[in-house]
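Quick mapping for you: the protein sequence lines, in order, are chains A and B.
Heads up, the first sequence is in the UniProt record's numbering, so the first residue is 1 and it goes up one at a time.
Heads up, the second sequence is in the UniProt record's numbering, so the first residue is 1 and it goes up one at a time.
Don't take every hint at face value.
[Unchecked claim] Straight-line C-alpha distance at most 16 Å; calculated EDC-like pairs for lysine to aspartate or glutamate:
1. K163/A <-> E120/A
2. K186/A <-> E196/A
3. K81/B <-> E171/A
4. K62/A <-> D73/A
5. K131/A <-> E120/A
6. K163/A <-> D42/B
7. K69/B <-> E26/B
8. K69/B <-> D219/A
9. K163/A <-> D116/A
[What the hints assert, rightly or not] Computed Cβ-Cβ distance ranges for the label pairs, DEER-style:
10. R207/A <-> L123/B: 50 to 60 Å
11. N113/A <-> G39/B: 20 to 30 Å
12. H9/B <-> V182/A: 40 to 50 Å
13. Q111/B <-> R209/A: 56 to 66 Å
14. Q105/A <-> Q106/B: 22 to 32 Å
15. L42/A <-> A97/B: 46 to 56 Å
16. Q62/B <-> H121/A: 32 to 42 Å
17. T31/B <-> N113/A: 30 to 40 Å
18. G20/B <-> K85/A: 56 to 66 Å
19. Q108/A <-> R100/B: 18 to 28 Å
20. R209/A <-> E50/B: 22 to 32 Å
21. E205/A <-> H77/B: 17 to 27 Å
22. R148/A <-> G39/B: 24 to 34 Å
23. E86/A <-> A97/B: 45 to 55 Å
[Unchecked claim] Sample of chain B residues at the chain A side, in silico, Cβ under 8 Å:
24. Y53
25. Q57
26. F75
27. L82
28. V88
29. E89
FYI, nobody ran anything at the bench for these hints, they're computed from the structure.
Being a predicted model, the structure only gives us computed values, none of them experimental.
A virtual CB, placed ideally from N, CA and C, is assigned to each residue, including glycine.
These are the residues of each chain, in order.
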Amino acid sequence: MAQPTNAAAASSTLHSTPSEPSATGDPALDFFSPLFNPARALAAAALHPPVPTARPLDNVYKCRSMLPSDHPDAWNDPHRAGKSKEAQEAAQREKSRLSYMHQQQERQQRKTNPLDQIAEHVRAGPLLLLKRCYQQRSRVRVDTRHARGVRGSMEGVLVAFDKHTNLVLREVEERYTVLLRVQRVKPPLPGGSGRERVRWVRQQEHRRRQLRQVFVRGDSVVLVAAVQAGTAVPEQQRAGGSAAAAPLQASVQVGRSSMA
Amino acid sequence: MGGRRRARHSLACFVQALEGQRVVVELRYDTIVRGTLLGADDQLNLQLSEASYQPLQGGQSQADYIYIKGRHVRFIHLPGKLDPAATVEQHRKRVAAAVRQHAQQQAQAAQQPAGRLHKGAQLQFGDATAGGGAVDPAGGPP
Numbered sequence: 001m002a003q004p005t006n007a008a009a010a011s012s013t014l015h016s017t018p019s020e021p022s023a024t025g026d027p028a029l030d031f032f033s034p035l036f037n038p039a040r041a042l043a044a045a046a047l048h049p050p051v052p053t054a055r056p057l058d059n060v061y062k063c064r065s066m067l068p069s070d071h072p073d074a075w076n077d078p079h080r081a082g083k084s085k086e087a088q089e090a091a092q093r094e095k096s097r098l099s100y101m102h103q104q105q106e107r108q109q110r111k112t113n114p115l116d117q118i119a120e121h122v123r124a125g126p127l128l129l130l131k132r133c134y135q136q137r138s139r140v141r142v143d144t145r146h147a148r149g150v151r152g153s154m155e156g157v158l159v160a161f162d163k164h165t166n167l168v169l170r171e172v173e174e175r176y177t178v179l180l181r182v183q184r185v186k187p188p189l190p191g192g193s194g195r196e197r198v199r200w201v202r203q204q205e206h207r208r209r210q211l212r213q214v215f216v217r218g219d220s221v222v223l224v225a226a227v228q229a230g231t232a233v234p235e236q237q238r239a240g241g242s243a244a245a246a247p248l249q250a251s252v253q254v255g256r257s258s259m260a
Numbered sequence: 001m002g003g004r005r006r007a008r009h010s011l012a013c014f015v016q017a018l019e020g021q022r023v024v025v026e027l028r029y030d031t032i033v034r035g036t037l038l039g040a041d042d043q044l045n046l047q048l049s050e051a052s053y054q055p056l057q058g059g060q061s062q063a064d065y066i067y068i069k070g071r072h073v074r075f076i077h078l079p080g081k082l083d084p085a086a087t088v089e090q091h092r093k094r095v096a097a098a099v100r101q102h103a104q105q106q107a108q109a110a111q112q113p114a115g116r117l118h119k120g121a122q123l124q125f126g127d128a129t130a131g132g133g134a135v136d137p138a139g140g141p142p
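Sequences are here, hints too, so could you generate the full structure?
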């Protein structure tokens, strides 16, 4: 393979007496000459490189690792750095250590539950309370909202959660309100030709239901509180809710909340 | 549906794992939609088939296909026996198996003798055996 035609390299310690002088002493075919022409050398018949066991490389760029270290273009391959025994052993140990850690990580990932993995992403902040409730499978109280106000409250066991406050709850008891459009009919005014006046009004109706298992989307959640059966003062945590919920009766609780 | 990688770190992966099950979706304006979940994406946009739509006040109507924007979902009611962790695990395994099978099929298709479009070639679209129904794209080496 052609050696770099760099003049500096040609004069470096790689230099040795050519074993086979070119037929006519042509500098273009002399491997150690700065005027060496690789294309012609390839075309020339019966011309062998001076070192027959030289390692062939793809291009001149890769020859940099062969240059002496004081050469400006020299490059020490970090992967092959140090042919010494200590360096090789150190490299080997590093490789096995990294692969061991990688294996451990894989094993851990395979063992953990995907819901645990999601919970793991919560490291700091108010959501830690939610994480604790999840880990203890505790009963929580979740207030939900309409587009324009607080809808109601549900109590259930927290089975899963995520950073958006999407929740999965079990054994849920829910008290909530719905807004119904009802027709109100007013009797005609006394005296004279009166007509019945009919109006559509919105009426709030309270409802209650039990649910075995439910997925709650995070943007409907106003507040999540840990509830322990029997304790008087529940810890409170306000979660999510980007749009403003109308300040109805729930505002009192919200005002008293303490951020974790 | 798409967004499987984005869904990985949120409970959207759980909703995606419910593919193929009958679910009851309650929307923000108190409408109930019952149907078979065809798929969900990371923003909880849902596709349901054989669905019934029941507003708060008003009659029920049926539809072969309903697409719900995730924003409007409030609740998804689930059967009591469902275990979320197990469901997600099973779904991930199913997806991994389908991906592997597809990759194998692609490799086999690539190994076929030059010119899948040669004269008299029998092209296969869809796979009778796989649950994933992988489709080989027409077009091998020219």
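We went through each hint and held it up to the structure:
Between K163/A and E120/A the alpha-carbon distance is near 10 Å, which keeps this suggested pair within the 16 Å criterion. Of the supplied pair hints, the one linking K186/A and E196/A holds, its CA atoms being roughly 6 Å apart against a limit of 16 Å. For the suggested pair K81/B and E171/A, the alpha carbons sit about 11 Å apart, so the restraint of at most 16 Å is met. Simply put, K62/A and D73/A have alpha-carbon atoms about 11 Å apart, close enough for the 16 Å limit, and the pair holds.
The hinted pair formed by K131/A and E120/A meets the criterion: a straight-line CA distance of about 8 Å does not exceed 16 Å. Taken as a hint, the K163/A and D42/B pair is honoured in the structure, with Cα atoms around 13 Å apart against an allowance of 16 Å. About 12 Å separates the Cα atoms of K69/B and E26/B, which keeps this hinted pair within 16 Å; it holds. For the suggested pair K69/B and D219/A, the alpha carbons sit about 13 Å apart, so the restraint of at most 16 Å is met.
Taking the CA atoms of K163/A and D116/A, the gap is about 13 Å. The hint holds against a cut of 16 Å. For R207/A and L123/B, the Cβ-Cβ distance of about 58 Å falls inside the hinted range of 50 to 60 Å, so the restraint holds. Checked against the hint of 20 to 30 Å, the pair N113/A and G39/B passes, with Cβ atoms roughly 23 Å apart. Restraint check, H9/B to V182/A: a C-beta distance of roughly 44 Å satisfies the suggested window 40 to 50 Å.
Distance hint check: the CB atoms of Q111/B and R209/A are about 59 Å apart, consistent with the given range 56 to 66 Å. Between Q105/A and Q106/B the beta carbons are some 29 Å apart, a value that agrees with the proposed interval 22 to 32 Å. In this structure, L42/A and A97/B meet the distance hint of 46 to 56 Å, their C-beta atoms being roughly 53 Å apart. Hint check: Q62/B to H121/A, Cβ distance near 40 Å, so the stated range 32 to 42 Å holds.
The hinted window of 30 to 40 Å between T31/B and N113/A holds, with their beta carbons roughly 33 Å apart. The hint said 56 to 66 Å for the Cβ distance between G20/B and K85/A, and at roughly 60 Å that hint holds. The given range of 18 to 28 Å is respected by Q108/A and R100/B, whose C-beta atoms sit roughly 23 Å from each other. The hint said 22 to 32 Å for the Cβ distance between R209/A and E50/B, and at roughly 25 Å that hint holds.
Between E205/A and H77/B the beta carbons are some 20 Å apart, a value that agrees with the proposed interval 17 to 27 Å. Take R148/A and G39/B: their Cβ atoms lie about 31 Å apart, and the range 24 to 34 Å holds. As the Cβ distance of E86/A to A97/B is approximately 47 Å, the hint placing it in 45 to 55 Å holds. Proximity of Y53/B to chain A is violated relative to the hint, the smallest CB-CB distance being about 17 Å (cut-off 8 Å).
Against a cut-off of 8 Å between C-beta atoms, the interface hint on Q57/B holds, since the closest Cβ of chain A lies about 6 Å away. A least Cβ separation of about 5 Å between F75/B and chain A falls short of the 8 Å threshold, and the interface hint therefore holds. Below 8 Å, beta-carbon pairs count as interface contacts, and L82/B has one with chain A at about 6 Å; its hint therefore holds. Evaluation of the V88/B hint against chain A yields a held restraint, the C-beta minimum of about 4 Å falling below 8 Å.
Here the hint on E89/B is kept, as its CB sits about 6 Å from the closest CB of chain A, short of 8 Å.
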